[in-house]
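S.K.: These are the residues of each chain, in order.
Number of protein chains: 2
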Amino acid sequence: MTTPLGAEIARTFGTPAVVVDLDVVEANVARVQGLCDAAGLANRPHVKTHKSPELAKLQVAAGAKGITCQKLGEAEAMADGGLDDILISYNLLGERNVGRLGALLKRARVTVAADSPVTVDGLRPAAAIAGRPLDVVVECDTGLKRAGVETPAEAVALAKRIAATPGLTFAGLLLYPPPDRWPETQGFLDTAAAGLAAEGLKPRIVSTGGSPNLKNLGALNGATEHRPGTYIFNDRMQMAAGVATLRDCAAHVYATVVSRAGPERGIVDAGSKTLTSDPGGLDGHGLILEHPDARIGALSEEHGFLDLRACAAKPAVGDVVRIVPNHVCVVVNMVDRLVAVRGATIVGEIPVVARGLSV
Amino acid sequence: MTTPLGAEIARTFGTPAVVVDLDVVEANVARVQGLCDAAGLANRPHVKTHKSPELAKLQVAAGAKGITCQKLGEAEAMADGGLDDILISYNLLGERNVGRLGALLKRARVTVAADSPVTVDGLRPAAAIAGRPLDVVVECDTGLKRAGVETPAEAVALAKRIAATPGLTFAGLLLYPPPDRWPETQGFLDTAAAGLAAEGLKPRIVSTGGSPNLKNLGALNGATEHRPGTYIFNDRMQMAAGVATLRDCAAHVYATVVSRAGPERGIVDAGSKTLTSDPGGLDGHGLILEHPDARIGALSEEHGFLDLRACAAKPAVGDVVRIVPNHVCVVVNMVDRLVAVRGATIVGEIPVVARGLSV
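So the sequences go chain by chain: A and B.
Using full-length UniProt numbering, the letters of the first sequence correspond one by one to residues 1 to 359.
Using full-length UniProt numbering, the letters of the second sequence correspond one by one to residues 1 to 359.
With the rest of the complex left out, here is chain A (with noise of 0.2 Å):
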């Protein structure tokens, strides 16, 4: 069965397609922008989901202050499009690097993040390319073992080397905090902030990550700011973490069924290079809205092999489908332009303009 929109889909662009509904999307940034302004923090959105300044900028004028950038190219892409106040989340490190940061900085607020003395030293000649000094806020771990200095004491001591700096400011702390343990972080923040206002230094800013913790929002004593990235758009990952339901997911894959060789098994024409091979912690590859009980239970490069021993009634060869991603920011990642919709009609495409750029 194909919806009218999947068949126009599928002959204005072809399939496989990933559709924004704008609708939905609105309604996702101002329902997370009320969440931070009702928890008093700065809303600083992670464009890492949509990697588009179109829709960057609409999450700005919902209110939010600033945005999150991951990498330089990221960054950069933003700023062409007008973003300002750019927060990169990321150890940039090299020659290279720090000379791009330079000249980033020059036409933008930019604040980065450091979790080592390497990365600090390396930092200093942005702020001089820049003519201006540049904000420094530490990364630190509080469980997750991503990036980031694993103890309060660690934070302070490169709290005190980026103060030391010339060219740098120390602005501030960045974590990630593990959604179910929001104590610990506690722990570690208070015990930092002793540590810091001991040396003379406050940090301005304390920002904290993840779609997944916009249920703790509030929780963190001390916190400035949130950077939220996946719920402009949410997928079944958030639906998984509780901060999401199907009627918030704003992009779907649109596939067409391309076999059916066996009764009990079927092909769409969304493989790993479309829904990518991230499996979100989740079974199966997706959620297929026509079929919810189909799995999708393997990927090759351009087909997704569907299970559908528990499917009552079986998708036909060119039937279009819906398909909700495990994890969204990665499928925005593989495609040049998003198809944009309002419920039923197409209303544009929005380019990926920062699509592949992880340097």
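Do not rely on the hints blindly, as some may be mistaken.
The list cannot tell twin chains apart, which means a pair is met if one copy fits it or any two copies do.
Unchecked claim - In the DSBU-like style, the derived pairs of lysine-lysine whose C-alpha atoms are separated by at most 35 Å in a straight line are:
#1 K160 with K314
#2 K145 with K314
#3 K314 with K65
#4 K145 with K106
#5 K57 with K215
#6 K202 with K145
#7 K202 with K160
#8 K57 with K314
#9 K145 with K160
No lab work stands behind these hints, which were simulated from the structure alone.
Since the structure of chain A is already known, use the hints to place chain B on it.
M.R.: Showing chain B alone in chain A's frame:
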């Protein structure tokens, strides 16, 4: 420890960078062409691995009979780049695809695959648009449960349908034999060939697929051509399949160590948006040449998380390392260009022209 080439690549292109050694590429192309020649099989390399007309031409210049594409967009890009004799090993459905196929057929020799009557019947307008007949092969599944009819009887029935459809020509059979079950494939093929003969049909093409099947070249009586893809670059999967060694791996992801927040762990700047989450059935997400005992145990979008417990010599922040990816085909599809080297010398860039052309 960073090699001089690693330092130069980081300085010139930044990391992560996907770097291919053209000396190794040329050796791989020559070796596999020799294997096909020795087995009396035409070589029809699959371009999904490199998505580059430039590299496809190199394969043709070395003796390949034509090329294989998985998607229409790839085939269009290859025809734009001057390639001809293109097999699209995919069920193409829908008026948009069939219209494009007709336009492509007007300017290039094209063969397409089908595994259902719906696909076959839908292809008819392509020949009318092109003003010449379209060659169609029947895709057969002999055990991997990918696309393809499951029985010789179905193959014969579909061949008859193709032959009976105005504008379409039955061209043969397309197979991807399970690498460890060639006798079953032989049985399928023999039965199908007998059935076709009884109908007065003869498969001009019997095409087998897969770089892992290079070790089985010549094993299938009746095969006329092979479609290897990954062999041009190779990767950890091909090593695991026993058809390549580390010396045959032409593509490396150059990445920078950006964090060493714990004594037994580290982070490189290549995450799932570079290495992809495709595990390829292997442990870890790539092999670090400088630290083969490091395990890339997990990925976030722009971070590769290293477990360094088994490493005697651990990498330092700022080191540039080389990673052999698990599955190179999906990695190449993440970037817009490859950095080309010969040994320790950068010789240019190769645009990944068909990157992301999944439609």
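S.K.: Compare the structure with each hint and give your call.
M.R.: Status of the hints after comparison with the structure:
1. K160 with K314: Answer is between; shortest inter-copy Cα gap is 27 Å, intra-copy 63 Å.
2. K145 with K314: between (43 Å within a copy, 17 Å between copies)
3. K314 with K65: neither (47 Å within a copy, 40 Å between copies)
4. K145 with K106: This pair counts as within: shortest intra-copy Cα distance 33 Å, inter-copy 56 Å.
5. K57 with K215: within (24 Å within a copy, 54 Å between copies)
6. K202 with K145: For K202 and K145, only the intra-copy Cα distance (25 Å) is at most 35 Å; the inter-copy one is 61 Å.
7. K202 with K160: For K202 and K160, the Cα distance is within 35 Å only inside one copy (11 Å; across copies 79 Å).
8. K57 with K314: Neither. Shortest intra-copy (42 Å) and inter-copy (43 Å) distances fail the 35 Å Cα cut-off.
9. K145 with K160: within (23 Å within a copy, 60 Å between copies)
Figure legend: structure checked against the earlier numbered hints; hints not met, in rising order: 3, 8.
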